[in-house]
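Going down the list, the protein sequences come from chains E and S. If you read the first sequence in my numbering, its first letter stands for residue 3, the second for the next number, and so on. If you read the second sequence in my numbering, its first letter stands for residue 611, the second for the next number, and so on.
Please keep in mind that the hints were generated in silico from the structure rather than gathered at the bench. Warning: the hint list may mix true and false statements.
[Claimed, not checked] The calculated label-pair distances, taken between Cβ atoms and stated as ranges, are:
1) L185(E) - A708(S): 55 to 63 angstroms
2) N319(E) - E800(S): 30 to 38 angstroms
3) D822(S) - L298(E): 23 to 31 angstroms
4) L123(E) - D936(S): 51 to 59 angstroms
[Unchecked claim] Computed, partial: chain E to chain S, Cβ under 10 angstroms:
5) R139
6) F141
7) Y153
8) N206
[As the list claims (entries may be wrong)] A few chain S residues facing chain E, derived, Cβ under 10 angstroms:
9) Q650
10) P673
11) D677
12) P731
13) A817
14) I837
15) G866
16) R876
17) W905
18) P952
Every residue, glycine too, gets a C-beta built ideally from N, C-alpha and C.
One-letter residues, chain by chain:
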Amino acid sequence: MQIPKNKVARKHFSMQSLLAPAALVILYAFFSIFGNRFLTMSKFMSILESSYYIGFMAFGVTFVIITGGIDLSIGTVMMCSAVIGGVAFRTWGLPLHVALIFVPLIGLIFGVTNGLMISKLHLPPFIATLGTMMVSRGFGAIVSNSRTQNYPAIGSADEWFKHVFFRYQNFPIGVIYLVVFFLIAWFVLNKTRFGRYVFAIGSNEEATRLSGVKADNWKIGAYALCGLFAGLSGVFYAATYTTCTPASGNGEELNAIAAVVIGGTSMAGGAGTMVGTLIGVLIMATIKAGLPSMNLQQPWQLFITGLVVIGAVLLDNARNKAAAKARIPTKG
Amino acid sequence: MKKLVSIALALVLVLGSVSLAMADMYISVISKGEQHAFWQAVRKGCEDAAAEFGVTMFYYGPPSESDIALQVDALKAEMDKGPAALALASLSTESVMAELQACIELGIPVIGFDSGVPNAPEGSIYATASTNNKNAAALAAEEMMKLEGFVDVLSAATPESPVVIAVLSQDATSESVTGRTTGFVEKMAELAGEIGTVAVVGHDLWAVPADDASIKIHVEISATTGIGDVTNSANAVLNMDGLLAIFCSNEGTVNGLLAATGDGSRLAEGEEYGNIIVAGFDAGAPQKNAIRNNWFVGSVTQDPYRIGYLAVELAFRAASGEAVEDVDTGAKWYTSVNIDDPDIAILVYD
């Protein structure tokens with residue numbers, strides 16, 4: 003008797019989708035028991051608040067990674083967008099709500115540029131986005147004259163910015179955006195033609211093209227969306243940290259990519275879930291908040307987060323191997 | 611016609627040689643950055659002094675205060691231009707030792723500013739224009755002690771439930787930040803030592819172990835100078851049992867602490883961190899906002915404009931062969947009460 007192929011796939015999928023949430027729950031429980039003052043509302047809030055900007059970047063780059071590509075520019079594009087928004091507000095004197103439009107817009111422009119270079123000029127994604135990483139780092143510093151941009155703080159003029167995007171009274175408003183944009187990203191990935199083509203391109207780009215799909219254009223779309231999300235994350239970075247430093251942000255893309263990988267999305271493309279990415283983001287933030295509560299100084303956090311990323315990929319490999327083995331009988 | 615050309619040529623030659631003779635003195639300024647408001651005020655001071663003394667100045671600031679390699683590269687590039695003098699605020703003294711040695715051999719006078727270039731090879735640094743960082747940070751410890759009820763809390767502490775006073779610092783390499791950390795820790799240990807047993811914990815460089823300490827001074831050093839990591843360190847400090855007060859030793863750590871406390875709003879009375887006393891360093895819009903709202907008890911300000919101005923002035927004088935000596939550019943304590951006083955307002959830049 004043949005084992006239906008989709009049954010194996012489904013089993014594989016359910017394992018994958020359960021493992022990451024389980025890890026999150028275990029981590030949270032672990033820190034709650036052994037950490038100092040971990041199980042508090044304020045700690046929970048700081049976990050959420052440090053997830054916003056990483057989350058937006060991770061949602062966007064999930065699309066790109068599923069196409070089999072990579073976007074290394076999202077960290078610096080995020081910062082560049084936020085810095086330019088700050089310049090529009092402080093230096094050009096635009097009202098804050100107008101200046102804020104610049105932030106996702108700059109991200110989108112960088113995203114489209116990446117997409118064009120990769121699809122039309124056939125640059126490898128690694129190289130193309132490495133280039134835009136440097137370009138965006140420099141561009142933000144040029145526009146801002148290397149000056150740090152401060153967004154309005156709570157208790158100063160225009161504090162509505164914080165109330166709308168970060169926290170109102172004691173409610174973490176940002177989490178609403180995180181959930182809403184997660185749902186949008188989930189819907190686009192799973193319920194639209196665009197999402198299906200993203201998976202198809204990642205599985206086999208040539209076959210996708212041969213079956214009449216304009217793969218190039220959809221790929222540009224994936225990078226554009228990724229850029230737009232990076233720009234959006236700039237708004238939430240500014241809301242969380244107030245101070246945006248030009249020529250920085252490099253390294254943040256790796257936090258987002260690590261979250262995507264922890265969430266079970268394959269770097270080889272063709273497989274991944276938005277739920278996994280969200281969980282990955284929360285796992286990263288939980289580790290970040292949890293280790294200090296165990297009185298581990300900061301270098302340890304970097305060290306352990308690195309181990310978690312490696313562990314997640316090893317686990318993913320093992321799962322894939324098991325799934326491949328399970329598939330063998332289907333031939334007979 | 612021929613005559614006209616030769617006259618014109620002669621004129622060009624004469625004017626050219628005159629302008630060459632009058633060419634401005636070239637001075638290189640290698641600073642630690644441009645992002646913080648502090649450095650913008652330093653730069654303004656440099657520019658004004660350059661205009662005042664008629665020197666051509668090149669000002670360099672690395673993208674971040676972690677970019678030691680970029681700063682060393684910029685220093686080398688400037689030395690190749692053969693400046694009349696160099697003003698340097700080094701991110702790490704050790705990394706520029708060879709260059710400073712070369713400056714002695716090339717006869718380029720070097721002026722230290724801001725953190726200066728401590729432990730530099732003998733004879734390379736002609737003078738330094740800087741805040742005495744130890745004294746400046748000690749000011750914060752003294753002011754904390756003066757706060758109503760502060761001493762009472764320290765006296766009530768016991769070895770079983772010790773009181774923690776934390777210092778939040780960005781790194782353990784830069785002289786200004788380590789100097790401030792040392793200044794605060796030593797002064798606080800001295801003053802609190804009169805009340806109870808003090809232990810210094812958290813980082814090996816400053817550690818002073820003590821059994822049965824009722825007062826702990828905790829030194830927290832962030833892994834990198836990135837604001838995410840600094841915020842994380844701030845969260846770790848805020849999380850500590852028995853925390854009474856935090857001293858943030860520069861604008862970067864202040865911004866990290868502000869990010870961890872909703873721009874400082876959670877330090878307001880009645881909020882979750884309402885009982886924690888926070889003192890900052892330097893200025894910048896978010897910090898000034900926290901001070902105006904009384905979320906910070908106060909901050910220490912340096913005189914960045916004067917630091918920049920004196921760096922170029924001393925460089926000019928040294929290059930002109932005059933004798934120069936170190937200048938302490940001073941520090942002041944400011945709070946919500948005196949932040950708008952004219953003598954403070956000019957020091958606390960946005």
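Status of the hints after comparison with the structure:
The supplied range of 55 to 63 angstroms is met by L185(E) and A708(S), whose beta-carbon atoms lie about 57 angstroms from each other. At about 58 angstroms, the beta-carbon gap between N319(E) and E800(S) misses the expected band of 30 to 38 angstroms. Our hint of 23 to 31 angstroms for D822(S) and L298(E) holds, since their Cβ atoms are close to 25 angstroms apart. Separated by about 57 angstroms at the C-beta atoms, L123(E) and D936(S) satisfy the suggested range of 51 to 59 angstroms.
Evaluation of the R139(E) hint against chain S yields a held restraint, the C-beta minimum of about 8 angstroms falling below 10 angstroms. About 13 angstroms separates the beta-carbon of F141(E) from the nearest beta-carbon of chain S, more than 10 angstroms, and the hint is not met. The restraint placing Y153(E) at the interface with chain S holds, with a minimum CB-CB distance near 9 angstroms, inside the 10 angstroms limit. A cut of 10 angstroms between beta carbons decides the hint on N206(E): the least distance to chain S is about 38 angstroms, and the hint is violated.
Given hint, Q650(S) at the interface with chain E, holds; its Cβ is 6 angstroms from that chain's nearest Cβ, closer than 10 angstroms. Residue-level restraint check for P673(S) holds (minimum Cβ-Cβ distance to chain E is 4 angstroms; threshold 10 angstroms). Proximity of D677(S) to chain E holds as hinted, the smallest CB-CB distance being about 9 angstroms (cut-off 10 angstroms). The restraint placing P731(S) at the interface with chain E is violated, with a minimum CB-CB distance near 31 angstroms, outside the 10 angstroms limit.
About 13 angstroms separates the beta-carbon of A817(S) from the nearest beta-carbon of chain E, more than 10 angstroms, and the hint is not met. At about 5 angstroms, the closest approach between the beta carbon of I837(S) and any beta carbon in chain E falls short of 10 angstroms, and the interface hint on this residue holds. Taking 10 angstroms as the C-beta contact cut-off toward chain E, the hint placing G866(S) at the interface holds, the least distance being around 8 angstroms. Interface restraint check: R876(S) against chain E, minimum CB-CB distance 8 angstroms, threshold 10 angstroms, status holds.
The restraint placing W905(S) at the interface with chain E holds, with a minimum CB-CB distance near 8 angstroms, inside the 10 angstroms limit. The beta carbon of P952(S) is not positioned within 10 angstroms of any beta carbon in chain E (closest approach about 22 angstroms), and the interface hint is therefore violated.
Comparing the model with each numbered hint stated earlier shows that hints 2, 6, 8, 12, 13 and 18 do not hold.
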